[in-house]
Amino acid sequence: MAYQFTFTERFQKHYKTLTQNEKKQLMRKLELLAEYPMHPSLRTKKIQGTSDLYECSVNMDIRIVWYYEGDKLIILVDVGHHDILKQF
Numbered sequence: 000m001a002y003q004f005t006f007t008e009r010f011q012k013h014y015k016t017l018t019q020n021e022k023k024q025l026m027r028k029l030e031l032l033a034e035y036p037m038h039p040s041l042r043t044k045k046i047q048g049t050s051d052l053y054e055c056s057v058n059m060d061i062r063i064v065w066y067y068e069g070d071k072l073i074i075l076v077d078v079g080h081h082d083i084l085k086q087f
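Taking numbering that gives the first Met the number 0, the leading residue of the sequence shown gets 0, the next gets one more, and so forth.
The reader is advised that the hints may include incorrect statements.
[Stated by the list, open to error] Here are the simulated EDC-like cross-link-like pairs (lysine to aspartate or glutamate), alpha carbons at most 20 Å apart as the crow flies:
(1) LYS71 with ASP82
(2) LYS22 with ASP82
(3) LYS22 with GLU8
(4) LYS15 with GLU30
[Said to hold, decoys possible] Restraint ranges, calculated between C-beta atoms of paired labels, are given here:
(5) THR18 with GLY69: 12 to 22 Å
(6) SER50 with GLN19: 32 to 42 Å
(7) SER50 with ARG9: 15 to 25 Å
Rather than coming from a laboratory, the hints here were simulated on the basis of the structure.
Yeah, the Cβ is synthetic: ideal placement off N, Cα and C, and Gly gets one too.
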């Protein structure tokens with residue numbers, strides 16, 4: 000069973016700043032995240048100092064920040080360059 004996604008306003012706002020190529024890479028990674036959140040190529044890890052936030056890699060620079068809502072839903076909190084992680 001694949002996870003469903005929902006997006007925060009912050010995620011949507013920052014998504015718009017990505018290049019076309021980055022958006023394409025992001026969509027591929029989201030498909031993987033929906034099916035298999037711990038897939039090695041995502042390099043998923045819990046964000047230190049948070050109780051429920053995770054991050055995974057789109058490429059060497061772009062990260063997705065997210066958390067689980069129940070057992071069927073992933074909330075996409077933010078997307079952007081690696082330095083977005085400093086907010087959490």
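To see whether the hints hold, each was checked on the structure:
no.: 1; hint: LYS71 with ASP82; result: violated (28 Å)
no.: 2; hint: LYS22 with ASP82; result: holds (18 Å)
no.: 3; hint: LYS22 with GLU8; result: holds (17 Å)
no.: 4; hint: LYS15 with GLU30; result: holds (19 Å)
no.: 5; hint: THR18 with GLY69: 12 to 22 Å; result: violated (33 Å)
no.: 6; hint: SER50 with GLN19: 32 to 42 Å; result: holds (35 Å)
no.: 7; hint: SER50 with ARG9: 15 to 25 Å; result: holds (19 Å)
Comparing the model with each earlier hint shows violations of hints 1, 5; every other hint is respected.
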